[in-house]
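Enquirer: Residue-level listing of the chains:
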Amino acid sequence: MSSLAPKLCVADVSMTFQTPTGAFHALAPITLSIPQGRFVSLIGPSGCGKTTIFNIIAGLLEPTGGRVLIEGVDATGTIGRVGYMLQKDLLLPWRTVLDNVILGMEIQHVSLRAARERALPLLHRYGLAGFEYLYPNALSGGMRQRAALLRTLLFDTDVILLDEPFGALDAQTKLRMQEWLLQLWSDFNKTVLFVTHDVEEAIYLSDEVHVMGTRPGRIIANIPVPLARPRIRGSVLTGEFLAIKERCLELLHLEGTASEQINEAA
Amino acid sequence: MAVQDTSRSLGATARLDRGQASAQSARPAAKPVRRLPVQKDWRAWALISAQIGILIGGLSLWEIGARAGWIDAFFWSQPSAIARTMALFFGSGDAWTDISFTFRSTIFGFLIGTTAGSLLGLSFWWSRNYAAIVQPYVICLESIPKLALAPLIILVFGIGLLSKVAVATALTLVVSTLTAYAGVKALDPDGEKLFYSLGASRLQVFRKLVVPFCLPWIISVLRVNIGLALTGAIVGEFIASQHGLGRAILYAGQTYDIALVWVAVLVLSTLAMVMYATVSWVESMLRKGVRQ
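Chains as they are written, first to last, in this note's numbering: chain C, 1 to 266; chain A, 267 to 558.
Simulated from the structure, these hints should not be mistaken for laboratory data.
Built from N, CA and C at the ideal position, the CB exists for glycine as well.
Among the hints, erroneous ones may be present.
Claimed, not checked - Residues from chain A shown here face chain C by an in silico Cβ test under 8 angstroms; the list is partial:
1. D456
2. G457
3. K459
4. L460
5. Y462
6. S463
7. L464
8. G465
9. A466
10. Q470
11. P478
To be verified - Each computed DSSO-like pair below joins lysine-lysine, with the alpha-carbon atoms no more than 30 angstroms apart:
12. K474/A / K190/C
13. K88/C / K554/A
14. K7/C / K245/C
15. K7/C / K451/A
16. K88/C / K474/A
17. K174/C / K459/A
18. K245/C / K174/C
19. K474/A / K459/A
20. K190/C / K459/A
21. K451/A / K474/A
22. K88/C / K459/A
Start from the sequences, fold in the hints, and give me the full structure.
Expert: Shown next, in the form of structure tokens:
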């Protein structure tokens, strides 16, 4: 494992935006190295640049400094290399669920028939049976997120970026969706980078949690989650889990107090 | 107010003590009892016969008035004369030439103006710089009363069908341009992000996102445009033409043939209603095809 280049490597990536009031440092140089098949989460206060990192990895934003490497190859500023699920589900209302899910393949010039044939069994297996030919406005929030996630997975990249996919869901749906996501992750063997505000969600899902700080956005700690897989719901109550959670919350709290002090000073 | 509140709470206590009947009598100045106003719907046949009744009544009054001399039949004509002229108009063979002429100018102007305008509006998506440069001109064009340009258009395009199509196009083009552009501006930038993250080309984003997203905007002006195109065609015919319902109205007015004016106006309204209904139908079909 260690002899191979990591699946995704973010090397000293920094981002500075020019604003009318001067330069705004959104990201201090950040380095992340994620091996094949890992589930890694980023947590942090809002405005810490989580979405900016994702936009840079997806090639939608040119970083001010640093490089993005995928399997050791420079992929900075190139699009279509990773699957990216934005915060909104962005399902196209004029397409059926099936045709929404195959969008990535369609853009990669896979024939419609072949793409639909590949997508249909997956829709059946992953809880969208009976919804294939409905339009998105007939779906509940959870179902829409399932469709959006399947669209990301069917795009056939090894790395997928998920930006708060369950942020807008109610608590019960969120729990079900987490199980569902873990199922997909182990079936498809993808490398996942996951952004969330929810500390418990991050720990429950991930192999590693990166805690971020703000002004400028940076990684202040990398916390491994050595809990055994497959994980059961009850594991969130174990001492080991709670210790990790406490550590994360403490770091976030310290960071929050620090940035408040900066604000008061400014 | 405060006094009333106290007395009401007193009443409430009283109700507890002495039961409901006495409680109500204890209340000061009871609110008037009011029910939800109910409007009873007439049956369809009753509504239709009322509508037909008004039409027949109006026409009869007009006819009687003209015969009795209350209404000057020279200026206002009368229903019986209009009916006779109508028969003559359709009998002489001019009617269908005129109707077809006006119909063709309207339809061509509608199709060209709507298509070209929509494409122009959509094209603003391709380049922000291009949109910024061209936009003031489009707004300028919008503010010009296009009908004021009609005499110029007739001079350039001659007195045939082409000039009527041109006036109708001028009226519809700007409306479609601005509406399609409004659609482009309403596009969610995150939608474009999604497409680009999937490795899409500009053309793919345009075809698979921009066009389907803006279609409802484009469709929504079809009914407005068919009316505008007809207005354009008629005004074109007013200025200079050898055929068309507009020319028939102008000619009849100049020769004091008021009955013929009415006939042409009636035929024109029928034509307008038929086209409006057709476009509405096309619109609803398109809407079914384009979910949003």
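Enquirer: Output the indices of the hints that this structure fails to meet, ascending.
Expert: Hint 15 is the one this structure does not satisfy, whereas the remaining hints hold.
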